[in-house]
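Engineer: Listed below, chain by chain, are the residues.
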Amino acid sequence: MFRLNLKIALRNLWRNRGITAINVGGLAIALAAFILVTMYFTYETSFDKSNPNYKNVYVVGVSYPEFKTNYIAAPFAKAIKQTYPEVESVGLIKEGSFELTIKNGKNTLFTKNILAVDYNAAKILNIQPENGLTKPSGEVERLNYLSKESMQTLFPDKKDNKPEMVGYGASNSGITVVVAGSIRSNEHSNFVFDGISLAAELGEHDNYDMNDYSIFLKLKPNVNVANLEKKITDLYRYELLKNNTSKKSTAELKAISTFLDPLSNLHLRPKAGNDMPYKTLIALSVLGFLILVIACINFTNLSIAQAANRAKEVGVKKVMGAYRSQLTLQFLTEIFIQCFVATILALILAELVLPYFNNLFQVGLSIWQVDSDLIWQLPLILSLITLIAGIYPAMVLSGFKPALVLKGNFSTSKQNSWLRNGLLVFQFCIAVVFIIGLLIINSQLKYMRSQDVGFNSSQVVYIKNLTLFNNPVKFGSVSFNPVRDRLLKIPGIKSATVASFIPGGQNGINSYEVNASKANIDFVNVDFDYFETLDIKLKEGRFFLNTFKTDTINSAIINESAVAKYSIKNPVGQTIRGCGIDYKIVGVIKDFKTQGFESIVQPTIYTIKDPCGSYKTQILLKIEENKMADALAALKAQWPQINPKDGEDFRYEFLDELYGKLFKKQEQLQSVFFAAALLTIFIAILGLFAFAKYITNGRIKEIAVRKILGASDVQIFKLINSSFFIMVLIANVISWPIAYILTKKWLETFAYRIDLPAMPFVSSALITILLTVITVSIQAKKAVKANPVDALKYE
Amino acid sequence: MIQLNNIEKYYANKGVKSYILRHVTTTIKQGEFVSIMGPSGAGKSTLLNIIGMLEEPTYGTYEFLGEDVTTLNERKRIELYRNHIGFVFQAYHLIDEMTVYENIEAPLLYKKIGSSERASRIADLLDRFNIVAKKDLFPNQLSGGQQQLVGIARALAAQPSIILADEPTGNLQSAQADEIMNLFKKLNQEDGITIIQVTHSEKNATYGNRILHIADGVVKDDVKVIV
Ligand SMILES: Nc1ncnc2c1ncn2[C@@H]1O[C@H](COP(=O)(O)OP(=O)(O)OP(=O)(O)O)[C@@H](O)[C@H]1O
Ligand SMILES: [Mg+2]
Numbered sequence: 001m002f003r004l005n006l007k008i009a010l011r012n013l014w015r016n017r018g019i020t021a022i023n024v025g026g027l028a029i030a031l032a033a034f035i036l037v038t039m040y041f042t043y044e045t046s047f048d049k050s051n052p053n054y055k056n057v058y059v060v061g062v063s064y065p066e067f068k069t070n071y072i073a074a075p076f077a078k079a080i081k082q083t084y085p086e087v088e089s090v091g092l093i094k095e096g097s098f099e100l101t102i103k104n105g106k107n108t109l110f111t112k113n114i115l116a117v118d119y120n121a122a123k124i125l126n127i128q129p130e131n132g133l134t135k136p137s138g139e140v141e142r143l144n145y146l147s148k149e150s151m152q153t154l155f156p157d158k159k160d161n162k163p164e165m166v167g168y169g170a171s172n173s174g175i176t177v178v179v180a181g182s183i184r185s186n187e188h189s190n191f192v193f194d195g196i197s198l199a200a201e202l203g204e205h206d207n208y209d210m211n212d213y214s215i216f217l218k219l220k221p222n223v224n225v226a227n228l229e230k231k232i233t234d235l236y237r238y239e240l241l242k243n244n245t246s247k248k249s250t251a252e253l254k255a256i257s258t259f260l261d262p263l264s265n266l267h268l269r270p271k272a273g274n275d276m277p278y279k280t281l282i283a284l285s286v287l288g289f290l291i292l293v294i295a296c297i298n299f300t301n302l303s304i305a306q307a308a309n310r311a312k313e314v315g316v317k318k319v320m321g322a323y324r325s326q327l328t329l330q331f332l333t334e335i336f337i338q339c340f341v342a343t344i345l346a347l348i349l350a351e352l353v354l355p356y357f358n359n360l361f362q363v364g365l366s367i368w369q370v371d372s373d374l375i376w377q378l379p380l381i382l383s384l385i386t387l388i389a390g391i392y393p394a395m396v397l398s399g400f401k402p403a404l405v406l407k408g409n410f411s412t413s414k415q416n417s418w419l420r421n422g423l424l425v426f427q428f429c430i431a432v433v434f435i436i437g438l439l440i441i442n443s444q445l446k447y448m449r450s451q452d453v454g455f456n457s458s459q460v461v462y463i464k465n466l467t468l469f470n471n472p473v474k475f476g477s478v479s480f481n482p483v484r485d486r487l488l489k490i491p492g493i494k495s496a497t498v499a500s501f502i503p504g505g506q507n508g509i510n511s512y513e514v515n516a517s518k519a520n521i522d523f524v525n526v527d528f529d530y531f532e533t534l535d536i537k538l539k540e541g542r543f544f545l546n547t548f549k550t551d552t553i554n555s556a557i558i559n560e561s562a563v564a565k566y567s568i569k570n571p572v573g574q575t576i577r578g579c580g581i582d583y584k585i586v587g588v589i590k591d592f593k594t595q596g597f598e599s600i601v602q603p604t605i606y607t608i609k610d611p612c613g614s615y616k617t618q619i620l621l622k623i624e625e626n627k628m629a630d631a632l633a634a635l636k637a638q639w640p641q642i643n644p645k646d647g648e649d650f651r652y653e654f655l656d657e658l659y660g661k662l663f664k665k666q667e668q669l670q671s672v673f674f675a676a677a678l679l680t681i682f683i684a685i686l687g688l689f690a691f692a693k694y695i696t697n698g699r700i701k702e703i704a705v706r707k708i709l710g711a712s713d714v715q716i717f718k719l720i721n722s723s724f725f726i727m728v729l730i731a732n733v734i735s736w737p738i739a740y741i742l743t744k745k746w747l748e749t750f751a752y753r754i755d756l757p758a759m760p761f762v763s764s765a766l767i768t769i770l771l772t773v774i775t776v777s778i779q780a781k782k783a784v785k786a787n788p789v790d791a792l793k794y795e
Numbered sequence: 001m002i003q004l005n006n007i008e009k010y011y012a013n014k015g016v017k018s019y020i021l022r023h024v025t026t027t028i029k030q031g032e033f034v035s036i037m038g039p040s041g042a043g044k045s046t047l048l049n050i051i052g053m054l055e056e057p058t059y060g061t062y063e064f065l066g067e068d069v070t071t072l073n074e075r076k077r078i079e080l081y082r083n084h085i086g087f088v089f090q091a092y093h094l095i096d097e098m099t100v101y102e103n104i105e106a107p108l109l110y111k112k113i114g115s116s117e118r119a120s121r122i123a124d125l126l127d128r129f130n131i132v133a134k135k136d137l138f139p140n141q142l143s144g145g146q147q148q149l150v151g152i153a154r155a156l157a158a159q160p161s162i163i164l165a166d167e168p169t170g171n172l173q174s175a176q177a178d179e180i181m182n183l184f185k186k187l188n189q190e191d192g193i194t195i196i197q198v199t200h201s202e203k204n205a206t207y208g209n210r211i212l213h214i215a216d217g218v219v220k221d222d223v224k225v226i227v
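Line by line, the protein sequences give chains A and B. So that you can map any letter, position 708 of the first sequence is 708 in the UniProt record's numbering, and since no number is skipped, the others follow by simple counting. So that you can map any letter, position 145 of the second sequence is 145 in the UniProt record's numbering, and since no number is skipped, the others follow by simple counting.
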């Protein structure tokens, strides 16, 4: 029985091979997209899942009125451990705060992130050196580990896993360190590093003002997290009060609370941060699913359209003694075969597209893995699409009444037309939403590219450097003036400055007070020529100038937003107080978008002197465009003399490239949306093509009769197109409000955005109508051109 | 074997009942060969469909093999199709995607008959109807008469006790029609299969042994055919 059904199925598919190919091809493309999305989804949602403690690990975050952060004071770790028995263990980690060069003779390694972890944190976070995790003890204060690749760079001939001596910093720095072995950094984890610096204890000498660490807790099973969260907040306030070095008022303390963020949240939606990655992932999954649904609709629609052909078969089989369930099964088998072939094709397609996908999302996914989740996901997807695509046609077809069918003049076209048309409209709705979305994303990105960001990052070179140029002096920092003098001697360098933060990165936050109103605002520690180098516009007052002695003592420049935040009238000459200094405001600059277009410009203060400031290490140079190469070559040659601490390790980046990274995510989104929109439209049109072919085939006799009765070709084109035309129009009308709401929501994620344009709505209508008319007319042409006599001869 | 009691059938259209059949009461015994005749639109097909349980009467009772089948669930009805009833259609209604062989085999598959038994029955039928050479052809490769032969072979494959045929020769030329009618006569006389056919042709009706004349939904005449 099964064999016979299979044979019939194959004969049927072969007879309609054009339609079958379109169906299966469309589904394969959609499935390939879906497979990629599924793989990506699985990957993104399983960061750190290999950690055996995955379900019980939490990071302790602090919530201030203005922001949330995972940086917290180290001593609090001990306090938690001592107070709450439900906490099994507490670990501390600290990210490397600057780039470190590591040397072995001529071999140099640049590291961006040497992660400092204490023994407990290593255990909690499953950080395992190759030769096993051991607690540093006795003489050994730290155990250092580097990644295998890094070790290979430093010791190309090394075969064993024995400890090695390396130099830190420039070769004249004289610092040597023992590397205890190698460690594999798990890329599929929130904690990626170039190396690990393992200590028995961390931050022993820190106080509650030094929020440099992250605390990770491993809870005992079944702990009430919400409850513990409250208790830890109480403890934190108590500890702050007890060690109140920054003299916070009770009201201020009350405004501070702590939270526990599970490890599973950290990658996509950390409480201290934003959940954009999570939303993007969800959006992507929805896109993938919709594409699949559209392809399944093609199936359903064509199956129902073919119903008239299959009706006789159903009727006859029923009077020969077939149960309805047997017929349902038969039709499902037919659809399953097609879905199965589509799945195979989809795997091949996905494999071909995967390199581009990996490149776009910066991941390393691969299909052919034994432990891949695809092994159980694929059969599930296959069954699911078979059901989605097949259950309705199978039910409809198997439900035909033999009496009606066998009477002869049976017609299904009326019966299910509302469903068929409904599905078609639904498909077009999705396509229209995608087209509108695509057009609007495009306009916003174009706006972002063309808009003035308030500063000029082109031809600005950012040099990474280890020397501190802080004022007041901190850990042996030096004056930047002699460095600038040497730099400006190099032909082509127009200006040079140094700052604690660069545009595109995160600024520091601290509390400042104007006229008794206190607020946490951004701060940047700069040097002379900072604003000139970045071409930032002055609104009133002046920039920092060498000639004013007070500028290195207590002058400050603030931006427009800061003026607004404190609502200062006539800001120039007024006082802003922070970190124990009464700063005099000497200038106000126009806001410039350091954080791109998504977040609003933060109120910011710029000072040269700042006792509470951050490391002032980021050197910025403005270089003439046509002398760029020469200037960079000269810099590289002279760097050991200009900046002995960095010595021969001259490294730089172009600021515009760094700043451009802020837009990368949006551009990624655009690429995905572009692909998704094209795919949906393509698949929907494929479906329409097959559907129109089917419908016109069914109407060939009618068309022939009409032609004999004197209808012109144009009239017949109109006749065939009209119903499709109306459906596309309806689809547009339905989709407009949906697209309007969705794109408005998306635009609202930008602090700086375009007004919602009307053009995309009109364009989507034109595009879909045009595509429909062309597709349908191609089919109609055959019917119109056919000789009516041929069509009527067969009965 | 068939007992119809006061069968009525009407379609209600905008509150107006239009009767297709009225007060049809008749008995058909095992081994009879009945022809239903009457003008177009008289209700012949409707009556045959009711006998074949493809349609339900709006009123009246119908007993098949002593069992009331007026309202029968689908599963039971299909059991009757599998074991007792064979249909032959004016438009043949062969399944286009199946070869001659497979068309004849289909009902046997539903009846779950073993493969060797199946093969011998089909071989037997092909042989008897002289279509062995055509067994691997598809219906559209056969003439009308040949298609109808296959249709009858298919109806006979499950060894039914009754064959219902709605104008089985309506699409055929008279020579072919005679061949089919002779076949029916033979099946009736040699195998004892009950046959009920709808026909317009007086000549075809004479192959049977009883004629039901229907006009406007009413049985006007019930006559024995005297040979
Ligand atoms: N679904 C329906 N709704 C309303 N009337 C119907 C329906 N089906 C059939 N009829 C009517 O029932 C009547 C009898 O139809 P039936 O098919 O039984 O006629 P017939 O005797 O077989 O005619 P013919 O010799 O032309 O085949 C016809 O007048 C037809 O219009
Ligand atoms: Mg009839």
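Worth flagging that the hints you see were computed from the coordinates, not collected in a lab. Nothing here was measured: the structure is a model prediction, and the numbers come from that model. Among these hints, one or two may not hold up.
[Said to hold, decoys possible] Facing chain B, a subset of chain A residues (Cβ under 7 Å, in silico): (1) N5; (2) L6; (3) I8; (4) L10; (5) R11; (6) V316; (7) Y323; (8) G399; (9) A403; (10) E625.
[Unchecked claim] Pairwise CB distance ranges, derived in the manner of DEER restraints: (11) A:W418 / B:S201: 35 to 45 Å; (12) A:S366 / B:D136: 42 to 52 Å; (13) B:E117 / A:P379: 46 to 56 Å; (14) A:P379 / B:G31: 33 to 43 Å; (15) B:S201 / A:L770: 52 to 62 Å; (16) A:A711 / B:G31: 26 to 36 Å; (17) B:S201 / A:R17: 42 to 52 Å; (18) B:S201 / A:P379: 57 to 67 Å; (19) A:W418 / B:D68: 56 to 66 Å; (20) B:D136 / A:N697: 40 to 50 Å; (21) A:R17 / B:N6: 34 to 44 Å; (22) B:T26 / A:P379: 56 to 66 Å; (23) B:T25 / A:R17: 47 to 57 Å; (24) B:H200 / A:L770: 50 to 60 Å.
All C-beta atoms in this analysis are idealised placements derived from N, C-alpha and C, irrespective of residue type, glycine included.
Engineer: Can we keep the R11 of chain A interface hint, with Cβ of chain B closer than 7 Å?
Structural biologist: 5 Å, holds
Engineer: Would you say the C-beta atoms of S201 of chain B and R17 of chain A sit inside 42 to 52 Å of each other?
Structural biologist: Cβ of S201 of chain B to Cβ of R17 of chain A: about 43 Å, so the range 42 to 52 Å holds.
Engineer: Indicate whether the distance between the beta carbons of S201 of chain B and P379 of chain A respects the range 57 to 67 Å.
Structural biologist: 59 Å, holds
Engineer: Do the Cβ positions of A711 of chain A and G31 of chain B conform to the proposed distance bound of 26 to 36 Å?
Structural biologist: With a Cβ separation near 57 Å, A711 of chain A and G31 of chain B fall outside 26 to 36 Å, so the hint is violated.
Engineer: E625 of chain A was flagged as interface toward chain B. Is the shortest Cβ-Cβ separation under 7 Å?
Structural biologist: 73 Å, violated
Engineer: Hey, does the A403 of chain A contact hint survive, CB to chain B under 7 Å?
Structural biologist: 4 Å, holds
Engineer: Does the Cβ-Cβ separation between W418 of chain A and D68 of chain B fall within 56 to 66 Å?
Structural biologist: 38 Å, violated
Engineer: Take a look at whether the Cβ-Cβ distance between D136 of chain B and N697 of chain A falls inside 40 to 50 Å.
Structural biologist: 28 Å, violated
Engineer: Is 34 to 44 Å right for how far apart the beta carbons of R17 of chain A and N6 of chain B are?
Structural biologist: 54 Å, violated
Engineer: So, as I understand it, the hint says V316 of chain A touches chain B; can you test that by seeing if any CB pair is closer than 7 Å?
Structural biologist: 5 Å, holds
Engineer: Starting from the range 52 to 62 Å, see whether the pair S201 of chain B and L770 of chain A falls in it by beta-carbon distance.
Structural biologist: 58 Å, holds
Engineer: Is it true that the C-beta distance of P379 of chain A to G31 of chain B lies inside 33 to 43 Å, as the hint says?
Structural biologist: 56 Å, violated
Hints 1, 2, 4, 8, 10, 13, 14, 16, 19, 20, 21, counting from the list given before, are not met by this structure.
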